[in-house]
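Participant: Working from the sequences, and respecting the hints, build out all of it.
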Amino acid sequence: MTFDQILPISASSTPTRGFFTQCLVCEEGEAAKHYGSVCCSGCKGFFRRTVRFHKIYDCPFGKKCNIRKGFFRRTVRFHKVYDCPFGKKCNIRKEFRNCCRACRYAKCLAVGLNPMLVHGDRGMTKIQPIDKRKESSTKFPELPITPPLEEKKIKATTSTISQEIKARLKAAVKKEVDEGYESYQICAIPRTVKIENLSLPLGRLNLISLISTKNVKEISKYYSLVEKIIDNFVDADYVTHSTVDFKVNLDLTALEASEAPRLICERTRIDWSAKHFLTGATLKAVWARTVLGYLDWISFIPEMDEFNTIDKKIMIVGRSIQSLWMVFTHRSAIANAPGILFSGGCFFPRDKNEWINIDSDAVLSCSRTSDIANNELIDEMKELKITDEEFAILKVICFFMPVPQLSKDGFERVQTARRKYTIPQLSKDGFERVQNARRKYTSVLTEHIRMQNIDKPLHEILDRVSRFMLLLPIIERISQLDDDTLGMMAIFNMAGMQTSLTYELHIGKNSGNENPECTLSNPYKRTPILTQL
1 MTFDQILPIS ASSTPTRGFF TQCLVCEEGE AAKHYGSVCC SGCKGFFRRT VRFHKIYDCP
61 FGKKCNIRKG FFRRTVRFHK VYDCPFGKKC NIRKEFRNCC RACRYAKCLA VGLNPMLVHG
121 DRGMTKIQPI DKRKESSTKF PELPITPPLE EKKIKATTST ISQEIKARLK AAVKKEVDEG
181 YESYQICAIP RTVKIENLSL PLGRLNLISL ISTKNVKEIS KYYSLVEKII DNFVDADYVT
241 HSTVDFKVNL DLTALEASEA PRLICERTRI DWSAKHFLTG ATLKAVWART VLGYLDWISF
301 IPEMDEFNTI DKKIMIVGRS IQSLWMVFTH RSAIANAPGI LFSGGCFFPR DKNEWINIDS
361 DAVLSCSRTS DIANNELIDE MKELKITDEE FAILKVICFF MPVPQLSKDG FERVQTARRK
421 YTIPQLSKDG FERVQNARRK YTSVLTEHIR MQNIDKPLHE ILDRVSRFML LLPIIERISQ
481 LDDDTLGMMA IFNMAGMQTS LTYELHIGKN SGNENPECTL SNPYKRTPIL TQL
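Per UniProt numbering, the sequence shown runs over residues 1 to 533.
Everything labelled a hint here was simulated from the structure, so no lab data went into it. Just to be clear, a hint being listed does not mean it is correct.
As the list claims (entries may be wrong) - Straight-line distance between alpha carbons at most 25 angstroms, and here's what the computed PhoX-like set of lysine-lysine pairs gives: (1) K440 to K456; (2) K275 to K382; (3) K352 to K275; (4) K217 to K395; (5) K382 to K221; (6) K382 to K395; (7) K228 to K395; (8) K313 to K440; (9) K312 to K456; (10) K352 to K221; (11) K275 to K385; (12) K395 to K428; (13) K428 to K440; (14) K395 to K313; (15) K395 to K385; (16) K228 to K385; (17) K217 to K440; (18) K214 to K440; (19) K228 to K275; (20) K221 to K440; (21) K228 to K214; (22) K217 to K228; (23) K395 to K221; (24) K217 to K382; (25) K312 to K428; (26) K228 to K382; (27) K456 to K382; (28) K440 to K385; (29) K395 to K214; (30) K456 to K385; (31) K456 to K221; (32) K382 to K312; (33) K352 to K382; (34) K214 to K247; (35) K313 to K217; (36) K395 to K440; (37) K440 to K228; (38) K385 to K217.
Facilitator: Here it is in structure tokens:
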């Protein structure tokens, strides 16, 4: 549903009387414009509560419910998250629209209701905590209030409204929605929230939703906004995480961490700036905070829901370091930093003469990757002047491991080889899903570049696409070097890096089934290096 397909009446929460239509969610009559789309007052309230209070819903009917009539506002306001046990196939209709909240909220998003337009309560609203022992005093950023449109008295008639008025209303509504969509602030309000919701990945808090999985523009904007959410979402009282007293917990499995990333640490401000050198004392905290951001990021990828549990874990572990280095090098390039940015204001200098001012643990962790990252990635991104949308899609492609097109026989041979050497233990079904996702996002990147350079000749567009794709093998090389270095630091507990999560992300992913007695609770059992020592 686009703005051209509906009559834009008003972007405020108070509809303009006289221009009613059918609710796009539940088909109730006398609907009006709310949150960027058209819905009835009941669905408006449901959507608002879900977004505002991060509610999570579960559909018992395979997400096939037929939604009819009322609930969007409560969903948005209270950030409710719903899950559908019936495969997201509920048929949402008026008579039984309250049967499945998961499908009802999904349909709200599908028809264009925008969570970014849900504002806070006007006046004083006091919410009494149900159980103070389960409440957290953590507060979300201030919710952006929808600015009121210029009040104009429009007389409604049974005939069509003049084209001039319709065009003016459409432009005003579209501008407001676009500004809300691009906002750095997250849909949240200052209030006490349950710690259980904060522990979930950000992708499960209904902050944003990918309405169309085929529209190139929507996909590009979606992943670009995801990057902004990851960088700007804060739920901690700490000013920064690059301090020695910042509390982290890395004695988790990758699967546990992916289900509740905030168990690792609190979400402090990322701060991609070059304020001070990276040190061995802050390396663990910086590593933990960036891994938390990575786990939040993958929760926004729709294709991850299609993997079984085993394949999902393999993907999370196997593509973690590559995804992190994509972020490190990109943020360094756009900030024109004097080295590699690692978040929290920490950076590793490019000038080797400055390395004498850095402690040995920090130098050891970055010295092998510094030259290749600066010369072959950061400099190339600067020269290409990579946009936010291009990077966001390229990062997804990197996560799904691109493979060139081959014949059927060659493709099967490459699949076998890549399963053996790059994603050990990934099932055939999981590998096919990876390939499908890779093809999809490669096409999205190509089409996005073509749309942004419509006046340029084809060979220049193809050249830009190929230069982006050539960055990916370099990322693989850097991640291998980083695995070798951080893996050694984890084994010998240098800079306090000997933890279950660091072992799994840097060492365990390469061990396959050769060491079945090596568990995350005791990751160093029967490790060959330690056995030799």
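Participant: Which earlier hints can't be squared with this structure?
Facilitator: Per hint list: 9, 10, 32, 34, 35 violated.
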